[in-house]
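Chains A and B supply the protein sequences, listed in that same order. Quick note on this note's numbering: the first sequence kicks off at 1 and runs consecutively. Quick note on this note's numbering: the second sequence kicks off at 1 and runs consecutively.
The hints are simulated quantities; they were obtained by calculation from the structure and are not laboratory data. For every residue, glycine included, the Cβ atom is placed at its ideal position computed from N, Cα and C. Among these hints, one or two may not hold up.
Incomplete in silico selection of chain B near chain A, CB under 10 Å [said to hold, decoys possible]:
#1 Glu83
#2 Trp87
#3 Thr290
#4 Gly292
#5 Leu297
Counterexamples of contact, computed for chain B against chain A with all Cβ distances above 10 Å [as the list claims (entries may be wrong)]:
#6 Ser21
#7 Glu31
#8 Pro64
#9 Pro130
#10 Ser324
#11 Gln355
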Amino acid sequence: MRQVELHHGARSDVGLVREVNEDSFLASPPVFVVADGMGGHDGGDVASRIVVEEFARLADDGYEPGRGGDLVAATLRECQRRIAEYGEQQIAERQARGYAGTTLAAALLVDDGGPQWLLVNLGDSRIYRLIDDRLEQVSVDHSLVQELVDAGTISSEDAATHPERHVITRALGGPDPAEADYFLLPLPAVERLLLCSDGVSGMIDDDAIAAVLRDAEDPRDAADQLVERALAAGGRDNATAVVVDVVGWADVADYDSDRQRLSLEQKLGALP
Amino acid sequence: MTETTATRSYRPGQWFGIFGSHATVLLPPTEKDRVGRLWALVDDGAGFDVVLDALISEGLRDLPGFVLVSAEEEETKIVIRGEARAWFTTGDETVEVSGSQATTWAERSVAGVEASRLVVGAAEEGGELPLLPIAQGLVRVSEVLAPPVDPVPEGEPVPAPIPEPEPELVVEDDAPDTAPHPVVVDEATPAPDVAPSGSVGPEPDLPPSPPSPPFGVPSGPPPAVPAPVTPPVEHDGLTRAGTSEESPAGPPTPPFVTRPVARLVFSSGDDVEVDRAVLVGRAPEARRFTTGDQPTLVAVPSPAQEISSTHLEIRPGSGADHGSAVATDLGSTNGTVVVQPGLPPEDLRPGIAVQLVPGAIIDLGDGVTIQVINP
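Okay, chain A solo, but in the shape it has when bound (with noise of 0.2 Å):
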């Protein structure tokens, strides 16, 4: 996994309007979270602060690539656990109205035969691609308008400005755990991926954050102008923005190296 190269760039904002920034994130190559916390006083912060610090042990304590699959559900039902807790805490301190929860996008590479992007879901913060130039988004959001929208009730275009937008259906903490939406892009399919919370994406729509990303050529330029360009529409909530970009990648398979080896030492005489 060394041989692949990340340059990454990440912003995050409160916003015009609200007075804590409950989003959260990690850019600890190989390792990329963005988690939106919620859930009133202070539990949205603290859930979404949660998933960084989990994801960050992760990422520090020896991250095992060809493990990425496992290590992901592992911390998940670690943060699951430990919101969950903290949200019955302060049901029984009467210090929240309700359970804390947070979104989460994360991306991560992982190793199956070579190098690969896991991708996990939760809630309603996305994760996009850009590949030859075109925007895709890659995450299905867990939204009440993606349902009202996958059942053909709306269009995509009401999807935005629907009042309803802002409420999601699934989530990290509360008293069940939610399943997470996993996805796996090869290397190559991605030349430029955005993890961001809806305060970017629910403020700017798909062409901006596309023209920002094929023009933006530093990661790091693309967050910013991101979450600008979020706050220039009205920056309602908070926005959080990571960029990714793969800069170099070496192939080097395992079967081919091992037949090298191989054909030396037979060359050399080591090997019948």
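Starting from the known structure of chain A, fit chain B onto it as the hints suggest.
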């Protein structure tokens, strides 16, 4: 891994007895066709629900009788249909369950079972044949007793533990030679791999989640799950939680996939075991899968771009295809051709799974073929 201690005794007979680590199934002599499929499930350690699903998957009408017994922790569940009876002893009480009195089936759940006796088929069928011990396997039976008893050839069975564990316990070696052998024996049945290793095993928390619970401050439609919250108040965040109107239904959980059902040898050099879904294509992608269900991606070269980016899925089959690999064309641009041994080439229809026989060749185009062989 082989179980060397008998867990039951049986008397030879006409019915099929399928004994696994978690379930026992008895089927009438007419149901030979079902036995193979159920054996695969039961031997893999399937429990009550999975086996019952498989038993009745084609309806009840063509299934004249069966017995399904499964003990989970303290509780023994039994379902009986047709010409079969069962007795369960708990403490000083004996519960009888009979299939012949029920129009569909008789179902019972008994806690703390100490001994059980199952009798199937015509009463005298087993006659005076000796009782034989069994742990796991597939045999012809007329009567099954648990715990196992001493192999005395006659008399009322007295429940008693086997004095010494037998080394090869599927068939008793020192049983009287007069014992006829209408007995199908699966020698050295490997115990099912109870601990699925790696990421292939179904996670304990895999069953589809119920509709999502509310988070934060509930609003809009009343939440399905009552949460201990005070009346809804606006909070300072925009993101709120709601109740899903649909159940976030994950894909069906594959039944007990613990070992590969096939191996795929790619003309491009890859060699992959089918112990989970395998996605093949020019640049394959996997979308919206759940924990523990992570597929294998196999990229194949396609200089002429004849192969679609995610072209074909090969996964362990379920239901009638259990134990085999099945292939599904995922709506590829140029299609997929399968040549099964002894059959003419067949175009896969997009989205329709086709069972793969060992020896099958799959042609993806651009000179890329996949050979299907036994694992």
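Here is what the structure says about each hint:
1. Glu83: violated (44 Å)
2. Trp87: Because about 41 Å separates B:Trp87 from the closest Cβ in chain A, which is outside the 10 Å limit, the hint is violated.
3. Thr290: At 5 Å from the nearest chain A Cβ, B:Thr290 passes the 10 Å test, so the hint holds.
4. Gly292: Holds, about 7 Å.
5. Leu297: With a closest approach of 6 Å, the B:Leu297 hint holds.
6. Ser21: holds (25 Å)
7. Glu31: holds (37 Å)
8. Pro64: Holds: least Cβ distance 40 Å, greater than 10 Å.
9. Pro130: About 50 Å separates B:Pro130 from the closest Cβ of chain A, which puts it past 10 Å; holds.
10. Ser324: holds (24 Å)
11. Gln355: About 25 Å separates B:Gln355 from the closest Cβ of chain A, which puts it past 10 Å; holds.
The earlier numbered hints that this structure contradicts are 1 and 2.
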